[in-house]
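Asks: Using the working numbering, the letters of the first sequence correspond one by one to residues 1 to 257.
Treat the hints as calculated values from the structure; they're not laboratory data. Just to be clear, a hint being listed does not mean it is correct.
[Unchecked claim] Quick list of simulated restraints, FRET-style, between CB atoms:
#1 27 - 110: 26 to 34 Å
#2 36 - 71: 34 to 42 Å
#3 15 - 45: 36 to 44 Å
#4 18 - 63: 18 to 26 Å
#5 67 - 20: 17 to 25 Å
#6 75 - 32: 16 to 24 Å
#7 71 - 43: 33 to 41 Å
[What the hints assert, rightly or not] Straight line, CA to CA, 25 Å or less: simulated SDA-like cross-link-like pairs of lysine to any residue:
#8 42 - 72
#9 66 - 23
#10 51 - 20
#11 105 - 121
#12 88 - 68
#13 42 - 70
#14 105 - 32
#15 42 - 68
#16 19 - 33
#17 14 - 79
#18 66 - 42
#19 51 - 126
#20 88 - 45
#21 14 - 72
#22 14 - 45
#23 19 - 42
#24 105 - 126
#25 66 - 43
#26 115 - 70
#27 105 - 17
#28 105 - 45
#29 14 - 105
#30 14 - 57
#31 88 - 47
#32 51 - 72
All residues carry an ideal CB built from backbone N, CA and C; glycine is no exception.
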Amino acid sequence: MGRSPCCEKEHTNKGAWTKEEDQRLIAYIRANGEGCWRSLPKSAGLLRCGKSCRLRWMNYLRPDLKRGNFTGDEDELIIRLHALLGNKWSLIAGQLPGRTDNEIKNYWNTHIKRKLLSRGMDPHTHRPLTADGANANANAPSYRPAPPQPIAVPARDMLTMMTKTPPQPAQVESSDEGSSGATSTGEPRCPDLNLDLSVGPPAADTPTSHSQQPICLCNHLGFHGGEACSCRQAESAASQSQRGFRYFRPLEEGQYI
DNA sequence: AACATGAGCAACCGCCGACCG
DNA sequence: TCGGTCGGCGGTTGCTCATGT
C-alpha cells in the first residue's frame with residue numbers, strides 16, 4: 001500500500017531556511033511549544049514539511065544549543081561514546097548538552113574520523129590499524145566488521161535494555177545553565193545512559209546483585225563526579241527508591257573500547 | 001583574478017518503531 | 001490484531017566557503 005508522504009511536497013519550500021521562516025518558527029514554538037510537527041507548518045504559516053520544521057528547530061533554532069567549536073574534552077567524550085554506542089548519534093548527543101545529533105554526526109565524519117586515523121585507530125571498530133591500513137583483526141576468522149561492541153553485551157541488547165529502563169527519579173538541577181541537566185527532549189544528561197551491561201539473568205535490580213563491584217558508566221567514560229555526571233544524584237535517589245539506577249560491568253583485563 | 005578542489009555543514013530522504021483507533 | 005499516522009533517527013546529498021594553483 002505504501003506509505004503516505006509526511007506532507008504535500010508540491011506546496012512546500014525546500015532548501016535553506018530564510019530569516020523570516022526562522023522567525024515564524026521560533027515565534028510559533030515560543031507561543032505554543034513543541035507539539036504536532038505535522039500540523040505545525042500550517043498553523044505557523046510556513047510552507048515547509050513538518051519534518052523540516054522539526055529538524056530546523058532541533059538542530060539550529062533551539063535556544064539551548066551550544067554553537068562553536070568542540071572542545072578537546074568533547075572530542076574525547078564523543079570518541080568514547082562512539083566506541084561504546086556506535087553510530088547512535090542521538091544517544092551520544094544526549095550526553096553532550098547543547099550539541100545535536102546532526103552536529104556530532106557531521107563533526108565525527110569531518111574531524112574525528114581523521115583524528116582517529118591519524119592515531120592509527122580504525123574509526124569504525126576503535127581498534128588499531130595495521131601498517132597497511134587494514135584493521136588489526138580483519139583477518140581473524142571470527143572477526144566481523146560489525147559496529148563497535150560494548151563491554152559486555154551486544155549493542156542491540158544494550159539499547160534494548162536502555163529503552164526498557166524505567167523512568168528516572170526527578171532530576172536535580174545541577175547548575176544555573178538553562179539546559180544543563182537535560183536535552184530539549186527532557187532527557188536527563190547522564191542517567192539515560194543507564195546501561196545495564198551485566199550479563200546473565202536479571203537479578204534484583206540493585207547494584208549489589210552483581211558479582212563484580214559495579215561502577216557508574218560515567219566513571220568508565222571518565223567524567224563520573226564531574227559536571228556532566230549526575231549519577232550521584234541518581235545513586236541517592238536509587239538508594240531511596242531501590243529502583244531505577246543501573247550499572248555496567250567494568251572492563252575485563254585486556255578489554256578495551 | 002579566475003578557476004579547481006576540498007572541507008564543513010545544513011538539510012533532505014527513507015526507514016523504523018511507538019502509538020492509537 | 002491490524003493498519004495508519006507520526007516522531008525520531010541515521011545515512012546521504014548538495015550547497016557554500018576557504019584554500020591552493
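Asks: All hints, please: hold or fail.
Replies: We went through each hint and held it up to the structure:
no.	hint	in the structure
1	27 - 110: 26 to 34 Å	33 Å, holds
2	36 - 71: 34 to 42 Å	36 Å, holds
3	15 - 45: 36 to 44 Å	18 Å, violated
4	18 - 63: 18 to 26 Å	19 Å, holds
5	67 - 20: 17 to 25 Å	21 Å, holds
6	75 - 32: 16 to 24 Å	37 Å, violated
7	71 - 43: 33 to 41 Å	38 Å, holds
8	42 - 72	42 Å, violated
9	66 - 23	19 Å, holds
10	51 - 20	18 Å, holds
11	105 - 121	18 Å, holds
12	88 - 68	22 Å, holds
13	42 - 70	36 Å, violated
14	105 - 32	30 Å, violated
15	42 - 68	32 Å, violated
16	19 - 33	20 Å, holds
17	14 - 79	33 Å, violated
18	66 - 42	29 Å, violated
19	51 - 126	33 Å, violated
20	88 - 45	34 Å, violated
21	14 - 72	35 Å, violated
22	14 - 45	15 Å, holds
23	19 - 42	18 Å, holds
24	105 - 126	16 Å, holds
25	66 - 43	28 Å, violated
26	115 - 70	13 Å, holds
27	105 - 17	21 Å, holds
28	105 - 45	31 Å, violated
29	14 - 105	22 Å, holds
30	14 - 57	15 Å, holds
31	88 - 47	31 Å, violated
32	51 - 72	32 Å, violated
The structure does not agree with the numbered hints 3, 6, 8, 13, 14, 15, 17, 18, 19, 20, 21, 25, 28, 31, 32 stated previously, though it agrees with the rest.
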